[in-house]
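Each protein sequence line maps, in turn, to chains A and B.
Per this note's numbering, the very first residue in the first sequence carries number 1; after that it's consecutive.
Per this note's numbering, the very first residue in the second sequence carries number 1; after that it's consecutive.
Where hints are given, some of them may not hold.
Listed next, with one range per pair, are the computed distances between beta-carbon atoms [claimed, not checked]: (1) K111(B) / D5(A): 15 to 25 Å; (2) S58(B) / E149(A): 30 to 40 Å; (3) S260(A) / L114(B): 34 to 44 Å; (4) H47(A) / S196(B): 16 to 26 Å; (5) K111(B) / N293(A): 23 to 33 Å.
Derived by calculation from the structure, the hints in this document are not laboratory data.
Even glycine gets a Cβ: it sits at the ideal position worked out from N, Cα and C.
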Amino acid sequence: MGFYDIYKEHEQRLSSEGRETDRYKKLYDLLSPQTPASLERMAEKAHALTLQHFGRAVQLYTPLYLSNYCDNACVYCGFNRNADIPRRKLTLGEVEEEARVISSTGLRHVLILTGGSREESPLSYITECVRVLNGYFSSISIEVYELTEEEYAHLVSEGVDGVTIYQEVYNEEIYGRVHPSGPKSDYRFRLDAPERAARAGMRCVNIGALLGLAPWRREAFFTALHAEYLQDHFTDTEISVSVPRIRPQNTGFKPACSVSDRNIVQMMLALRIFLPRVGITLSTRESASLRENLLPLGVTRMSAGSTTTVGGRIASGSGEPGQFEISDTRDVKHIREVLAEKGYQAVLKDWVGA
Amino acid sequence: MEDHADVQDRLEIGGMTVSSRLFIGTGKFPRKPVIREVLEASGATVVTVAMRRVDISSKDENVLDHIPEGCILMTNTSGARNADEAIRIARLAKASGCGNWIKIEVINDNKYLLPDNAETLRTVEALTGEGFTVFPYMSPDLAAARRMAEAGAAAVMPLGSPIGSNRGLKTEEMVRIMVDEIKVPVIVDAGLGAPSDAARCMELGCAAVLVNTAIATSADPVSTARAFSLAVKAGRMAYLSGPGEETGLASASSPLTGFLRDE
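Use the sequences and the hints to build the structure in full.
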């Protein structure tokens, strides 16, 4: 039984009965409306679990955008193929320039991203970029279009150890609406991508739903179920979850559903209590102050010194529009200082790349 | 703090003499400088560091800079999912100047973080042939421990309970058997939550204990480290003194039949 079957089973149960049974009732309850007092109790529990399993250490990484060419028409994305923006992809020389800038901040974990174009950013191009980056980083993760298991395995053999791939929205019907065309409109191929990556030998797989596209409680529920499914089937893969909220971008897209700070907090707490060992990744989509407040509640990984623009760290790319606006614009040094003030160790290196 | 008994009772391990039977793990501390304070306050000299966290190219982020001189570095292979990865990490550690003491950690169960004894044994066999002094972290299994000792492990390191769980010595019966049967030192690693857990391990005859989470995540790591150090000494002293007789009944210090006077 694949995850799609699990999704359908719970989707039907929730739609017909409006509730869950067995162990999933606990998750359902954790994601149901809470009083401030019960949310506080959840926070205490989540904090204790995080401390126990991960200690006072938070791993830092930064995104590196390689290309913004895209064949998809995702309505919420600043890189969607209909967006009127300058398209570019980095030359290998530019990749190296960006790598140097990032590496000088001390970071040893990098997440490389491309738009969803197999033609403009084919596997061979990603591979060449990885070969350049291997000289600078001890861990390279990818956030690119969905690949086959063989393609993921090829990248593992080239030194990639992590995959971030968001389902964006688990609700299948809404998924179809917000991904009207392009290869990404294939819901199932997207849904099974994290599993293919894990099977191909990726050490870390990071999933998530883009919050704001559909009612968040149910999206959070399926995100947790998906993470549990992956943890159960791939015990040697580190599974983590992101909780990204839609940010303003150049398309002018307005989220259909609101997701408040309180909601984000509850989702994070529910994830931590339901899956004590799951990683939780928090990006610079969120503001500096919110990120600091979320830190003790379960966060295990944060981005820092981010830019969502292709070539955003080198002169040729500055000033161009990014995929979305980042909120926490502090540099790596500043984030490290803040973590230290809060009693957390910033982990800049946490793997030994081949 | 050192007394006569300590001097008489040094731990000989891996060709070295170690003054403290408390080994310290470094993964979960809030700030790296705390590691030095903890080591100095507890008198611990063996310290384990994950190779995955070592960045020798970094000017300000190298964890090794926070370890006082005179300490013995035991690099661990944390993150390895199989023997091949563990062997690669161990070789890298040696090549990076981290010495040849390697704690082998091979874990492919991310939920409970329980070690894979079969892959661990394979790693021990490979690395002892390459001049490493190896310390396998393992599930407490007598047959596996025997094989690791035969393969040349300098000690065996059974877990007390799952890493980071602070649940104490849940594996006591298995560890007791290992202490009785295994010729190399038995060091309990992982899961010890309170100084009394550490004392218990030492009372059983374990050679040492390794603690990280309980110290690193306590409100006052330095003070907790000192408490662990004292508990380890107390437990060791109790072991060396031998146990008092254990009976199922209370034995009144004023005998119940004391009124009977011989006539």
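Comparing the hints with the structure gives:
1. K111(B) / D5(A): 15 to 25 Å: 22 Å Cβ-Cβ, so the 15 to 25 Å window holds.
2. S58(B) / E149(A): 30 to 40 Å: Given about 35 Å between the Cβ atoms, the range holds.
3. S260(A) / L114(B): 34 to 44 Å: Distance hint for S260(A), L114(B) holds at roughly 39 Å.
4. H47(A) / S196(B): 16 to 26 Å: holds (25 Å)
5. K111(B) / N293(A): 23 to 33 Å: Distance hint for K111(B), N293(A) holds at roughly 28 Å.
Of the hints listed earlier, there is not a single one the structure fails to meet.
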